[in-house]
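Let the sequences and hints guide you as you build the complete structure.
Chains as they are written, first to last, in my numbering: chain A, 1 to 257; chain B, 1 to 346.
Please note: incorrect hints may appear among the correct ones.
[As the list claims (entries may be wrong)] Quick list of in silico lysine to any residue cross-link-like pairs, SDA-like style, CA-CA up to 20 Å:
#1 A:Lys208 / A:Pro35
#2 A:Lys104 / B:Thr152
#3 A:Lys45 / B:Leu36
#4 B:Lys287 / A:Tyr103
#5 A:Lys104 / B:Lys287
#6 A:Lys181 / A:Glu26
#7 A:Lys157 / A:Glu26
#8 A:Lys52 / B:Gly231
#9 A:Lys245 / A:Arg232
#10 B:Lys287 / A:Trp106
#11 A:Lys72 / B:Asn241
#12 A:Lys52 / B:Thr152
#13 A:Lys105 / A:Glu62
#14 A:Lys71 / B:Ile247
#15 B:Lys287 / A:Asp110
#16 A:Lys155 / B:Glu233
#17 A:Lys71 / B:Leu45
[As the list claims (entries may be wrong)] If you only want the chain A side, here are some residues facing chain B, beta carbon under 10 Å, derived:
#18 Trp66
#19 Ser69
#20 Pro70
#21 Glu83
#22 Phe88
#23 Pro102
#24 Trp106
#25 Val160
#26 His192
#27 Asn195
#28 Leu196
[Said to hold, decoys possible] Here are some chain B residues the structure puts well away from chain A; computed CB gaps all over 10 Å:
#29 Glu39
#30 Ala170
#31 Leu171
#32 Arg279
#33 Ala311
#34 Ile312
#35 Ala313
#36 Met334
Bear in mind the hints are in silico, worked out from the structure with no lab data behind them.
As the structure is a computational prediction, the values presented were derived from the model and not from experiment.
Glycine residues also receive a C-beta, built at the ideal position from the N, C-alpha and C atoms.
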Amino acid sequence: MIQLQELEFSIAEKAILRNLSITIEEGKFIGIIGPNGSGKTTMLKMIYRHLKQTSGSVTLHEKEIWDISPKKLAQQMAVVSQESPVLFDFTVKDLVMMGRTPYKKWLSSDNVEDFKIVEECMALSNVEHLANRTFVHLSGGEKKRVMLARALAQKAKILVLDEPTNHLDIEHQLHLMDLVKDLPITIITALHDLNLAAAYCDEVVVMKDGTLYEQGTPTQVFTEQIMWDVFRVHVGVSKNPFTNKLHLFFYTQQSNS
Amino acid sequence: MKNRNFYVWLVILFIILLCSAVGGIMVGSVGITPALIIEVLLYKLGIISSTDASNAQQIIIMELRVPRVLLAMIVGASLAICGAAIQALVKNSIADPYILGVSSGASVGATSVILLGAFSFLGVYALSFAAFLGAIVAVSIVFLLAHIGGRTSMIRLLLSGVAISMVLSALTNFMLMMSKEQGGIQAVMHWMLGSLGGAKWNNIGIPAVVFVIVFTLLTLSYRQLNALLLGTETAATLGINIERFRIFIIIIVSLLTGVVVAVSGSIGFVGLIVPHIARMLVGSNYKVVLPLSALLGAIFIVWADMGARIAIAPEEMPIGIITALCGSPFFIWMLRRQRYAFGEGE
Chain A
1 MIQLQELEFS IAEKAILRNL SITIEEGKFI GIIGPNGSGK TTMLKMIYRH LKQTSGSVTL
61 HEKEIWDISP KKLAQQMAVV SQESPVLFDF TVKDLVMMGR TPYKKWLSSD NVEDFKIVEE
121 CMALSNVEHL ANRTFVHLSG GEKKRVMLAR ALAQKAKILV LDEPTNHLDI EHQLHLMDLV
181 KDLPITIITA LHDLNLAAAY CDEVVVMKDG TLYEQGTPTQ VFTEQIMWDV FRVHVGVSKN
241 PFTNKLHLFF YTQQSNS
Chain B
1 MKNRNFYVWL VILFIILLCS AVGGIMVGSV GITPALIIEV LLYKLGIISS TDASNAQQII
61 IMELRVPRVL LAMIVGASLA ICGAAIQALV KNSIADPYIL GVSSGASVGA TSVILLGAFS
121 FLGVYALSFA AFLGAIVAVS IVFLLAHIGG RTSMIRLLLS GVAISMVLSA LTNFMLMMSK
181 EQGGIQAVMH WMLGSLGGAK WNNIGIPAVV FVIVFTLLTL SYRQLNALLL GTETAATLGI
241 NIERFRIFII IIVSLLTGVV VAVSGSIGFV GLIVPHIARM LVGSNYKVVL PLSALLGAIF
301 IVWADMGARI AIAPEEMPIG IITALCGSPF FIWMLRRQRY AFGEGE
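So, in C-alpha cells, the structure goes:
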C-alpha cells in the first residue's frame with residue numbers, strides 16, 4: 001500500500017504539488033489523469049523517489065520511502081519513466097538483464113534464473129525477436145516495450161509507468177495495456193488517453209493544479225461535470241459495443257454547432 | 001553474439017600486446033633480437049643458468065627497456081579504463097580522464113618543481129609527488145564546485161572542470177613566461193607532452209598496484225556503470241545509490257589518473273579514443289568494454305612509445321605528439337563511419 005500524505009512540492013517558491021493525499025491499494029490498476037502541468041509526472045517522480053517532497057510524506061507499507069535502501073526499493077518497485085536516452089549501443093538482451101541489477105551483489109554473476117527471467121519478460125512484452133538487436137536502432141515503440149521488459153525483469157510488486165503508451169501505435173497500445181492489466185501486481189500509470197484509462201483502470205486519480213481533484217472508479221470519475229471542470233471539454237459517456245467497457249466521446253461547444 | 005566476439009578479441013589483443021611488448025623491448029639505439037630477450041628473461045628468472053648476452057645488453061633489457069614497456073602498458077591501460085569510466089559518469093562521449101582537471105593540476109605541480117624547485121627536499125620524487133598533489137587538489141576543487149545541496153551535477157562537474165583547467169593552465173603559462181631558464185622551460189614542455197623515459201623498476205610499482213585495484217573495482221561495478229548510461233533517473237530505480245556511486249568513481253578514477261600522470265606526464269588522446277574503439281568492437285556493456293579498453297590502451301601506448309623513441313632518434317619525441325598525430329586520423333576515420341554513433345541515439 002502506498003500512501004501520499006499532505007504532499008507539497010515547490011521549485012523556487014512555485015508550488016507544483018499542494019496538499020496531495022492519496023492512498024493506493026495493493027494489486028489495483030491505478031490510472032493518473034489530468035491536464036498538462038497538473039503534476040502527474042511530478043507526483044510519480046516522488047513515488048519512485050526521484051524527487052524529494054518539500055513537505056508531507058510518501059510511505060510504502062507504512063514505511064517512509066526515503067528510509068528504504070535504494071536496492072530494497074528497486075526490488076519492490078519498478079519504473080518505466082519517460083526518460084529513455086540510452087548512450088551507446090546495448091543489445092536488447094543486455095538491457096533487459098539490467099533489470100536484475102537490484103538483486104546483484106558485487107561479485108554475483110548472471111545465473112540461470114536471471115536468464116530465464118529475462119527470456120520470460122522479453123516474451124511477455126513481445127520483444128524476444130529483438131533480443132540481439134541494438135537498442136538505438138529500434139523504433140520508438142520497440143524501445144518502450146524493451147524498457148517495459150527491463151522493468152518487468154525487476155520482479156517488483158509495484159510497477160510505475162509514466163505515459164507508457166506514448167509513441168505506440170494502436171496495436172501496441174492495446175497490447176501493452178492488456179499485458180500490464182494481466183499482471184498480478186500494483187500498477188500506477190499516468191495516462192493521456194482517457195479512453196484507455198476508462199477501459200483498463202480499477203481506479204482513476206484525477207489531478208488538477210497540483211492536487212487531487214477526484215479519486216474513484218472510472219464510472220465515478222468520468223462524468224460530464226468532472227471532465228468539464230478538469231479538462232474544459234464536454235464528454236458523452238457511453239459503452240464500447242464490442243468490449244462493453246466505458247467509452248468517452250469528447251466535443252467542444254464549437255464542434256457541436 | 002557480441003559476447004563471443006568479446007572472447008575472440010580478448011585473445012587476439014592479448015597476443016598483439018605480447019608481440020608489441022617484445023617489439024618495444026627490441027627497438028632503440030641498441031638493437032636487440034627477440035631470441036636474446038627471451039634468453040635474458042629466462043636467465044633472470046633462474047630457469048636457465050647461463051646466457052650469451054653481454055652485461056650491457058642485460059642491463060639495457062632488464063633495467064631500461066622492460067620497465068619502460070611495462071610502464072607503457074600500465075599507463076595506456078589506466079588512461080583507457082579511466083576514460084571509459086568518466087564517459088559513463090558524465091554520460092558524455094567527449095569526456096576523457098583529464099576533464100576533471102587532473103592534467104592541468106599536475107602541470108602546475110610539475111612546473112613549480114622544475115622551474116621553482118618546489119619540494120626539493122623530496123629529491124627525485126619531488127616531480128611525481130608535486131604532479132600527483134596538483135592533480136588531486138584540482139579534482140577536489142572541481143568536485144566541490146559541482147557539489148551543491150548534497151547532489152553532484154554532472155554538467156556542473158564538466159564545466160567546472162573546464163574552468164579550473166583554464167585557471168591552472170594560466171598559472172602554468174605564467175610560470176613559464178616568467179622563467180628565464182631555457183632548459184627548464186624545455187623540461188616543462190617535455191613533461192607536459194608526456195614521456196615514459198623515466199621508467200624504472202622502483203617507480204612502476206605504485207602505478208601497477210593502483211591500476212590493478214582500480215581496474216578490479218571498476219570491473220566489479222560494471223552493472224552500475226551500465227545503468228548510468230540509461231540516465232540517472234532509471235539508474236536510481238534500479239537500486240543504485242547514484243550520489244555515492246558517482247563519488248566513488250570520481251575518487252578511484254582521479255587517483256589512478258593522478259598516479260599515472262605523475263610518472264608519465266599527461267599523455268593525451270588515449271583516454272578519449274580507446275573506449276570508443278572498444279565499444280565499436282564489442283558494444284557498450286562495461287563488462288566487456290573495460291578489459292578491452294585496458295588491452296587496447298596498453299597496446300596503443302607501447303606502440304606510441306616505440307614511435308617516440310624511433311621518430312627523431314637519437315633524440316626522443318614526446319609521446320603526446322605521437323598519440324595525437326596517430327590517434328587523430330584514426331579518430332576522424334571513426335567519426336566518418338556510419339556504423340558507430342558515438343552514443344548519439346538516432
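We went through each hint and held it up to the structure:
Straight-line distance between C-alpha atoms of A:Lys208 and A:Pro35 comes to about 7 Å, which keeps the hinted pair within the 20 Å bound. Pair hint A:Lys104 plus B:Thr152 does not hold up; C-alpha atoms about 25 Å apart against a cutoff of 20 Å. As the CA atoms of A:Lys45 and B:Leu36 are separated by approximately 66 Å, the hinted pair breaks the 20 Å bound. With a C-alpha separation of about 17 Å, the suggested pair B:Lys287 and A:Tyr103 falls inside the 20 Å cut-off, and the hint holds.
A C-alpha spacing of about 14 Å is found between A:Lys104 and B:Lys287, which places the hinted pair at or below 20 Å, so the restraint holds. Between A:Lys181 and A:Glu26, the direct Cα distance comes to roughly 14 Å. Compliance with the 20 Å bound is thereby established for this hinted pair. Proximity of A:Lys157 to A:Glu26 is assessed by CA-CA distance (about 9 Å); at most 20 Å being required, the pair is judged to hold. Among the hinted pairs, A:Lys52 with B:Gly231 is consistent with the structure: their alpha-carbon atoms are about 18 Å apart, no more than 20 Å.
Taking the CA atoms of A:Lys245 and A:Arg232, the gap is about 23 Å. The hint is violated against a cut of 20 Å. For the suggested pair B:Lys287 and A:Trp106, the alpha carbons sit about 13 Å apart, so the restraint of at most 20 Å is met. Only pairs whose Cα atoms come within 20 Å are accepted, and A:Lys72 paired with B:Asn241 is accepted, the gap being roughly 11 Å. Distance check on the hinted pair: A:Lys52 and B:Thr152 sit about 16 Å apart at the alpha-carbon level, within 20 Å; holds.
For the proposed pair A:Lys105 and A:Glu62, the alpha carbon gap of about 27 Å is over 20 Å, so the pair is violated. Among the hinted pairs, A:Lys71 with B:Ile247 is consistent with the structure: their alpha-carbon atoms are about 18 Å apart, no more than 20 Å. Restraint check for B:Lys287 and A:Asp110: satisfied, since their Cα atoms lie roughly 12 Å apart, inside the 20 Å limit. At roughly 19 Å between alpha-carbon atoms, A:Lys155 and B:Glu233 fall within 20 Å of each other, so this suggested pair holds.
A hinted pair counts as satisfied when its Cα atoms are at most 20 Å apart, and A:Lys71 with B:Leu45 does not qualify at roughly 49 Å. The closest approach between the C-beta of A:Trp66 and any C-beta of chain B is roughly 12 Å, which is over the 10 Å cut-off, so the hint fails. Evaluation of the A:Ser69 hint against chain B yields a held restraint, the C-beta minimum of about 8 Å falling below 10 Å. For A:Pro70, the interface hint holds, since its Cβ comes within 10 Å of a Cβ in chain B; the closest pair sits about 5 Å apart.
Hint status for A:Glu83 relative to chain B: holds, with the closest Cβ pair at about 5 Å, below 10 Å. Interface hint status for A:Phe88: upheld, as the beta-carbon distance to the closest one in chain B is roughly 3 Å, under 10 Å. For A:Pro102, the suggested interface contact is upheld, since its CB lies about 4 Å from the closest CB of chain B, less than 10 Å. The restraint placing A:Trp106 at the interface with chain B holds, with a minimum CB-CB distance near 5 Å, inside the 10 Å limit.
A cut of 10 Å between beta carbons decides the hint on A:Val160: the least distance to chain B is about 8 Å, and the hint holds. Violation of the interface hint for A:His192 is found here, the shortest Cβ-Cβ separation to chain B being roughly 20 Å, above the 10 Å cut-off. For A:Asn195, the interface hint is violated, the least distance from its beta-carbon to any beta-carbon of chain B being 28 Å, above 10 Å. Interface restraint check for A:Leu196: the shortest CB-CB distance to chain B comes to about 23 Å, outside 10 Å, so the restraint is violated.
Every Cβ of chain A is farther than 10 Å from the Cβ of B:Glu39; the closest lies at roughly 41 Å, confirming the non-interface assignment. With a least beta-carbon separation of about 33 Å from chain A, B:Ala170 lies farther than 10 Å from that chain, consistent with its non-interface assignment. The claim that B:Leu171 lies off the interface holds: its Cβ sits roughly 34 Å from the closest Cβ of chain A, which is beyond the 10 Å cut-off. Residue-level check failed: B:Arg279 sits 6 Å from the nearest beta carbon of chain A, not beyond 10 Å.
Distance check for B:Ala311 against chain A: the nearest CB is about 34 Å away, which clears 10 Å, and the non-interface claim stands. Residue placement check: B:Ile312 keeps its beta carbon more than 10 Å from all beta carbons of chain A (closest about 38 Å). Interface exclusion of B:Ala313 from chain A stands, the closest Cβ pair being 40 Å apart, more than 10 Å. No beta-carbon of chain A comes within 10 Å of the beta-carbon of B:Met334; the shortest separation is about 14 Å.
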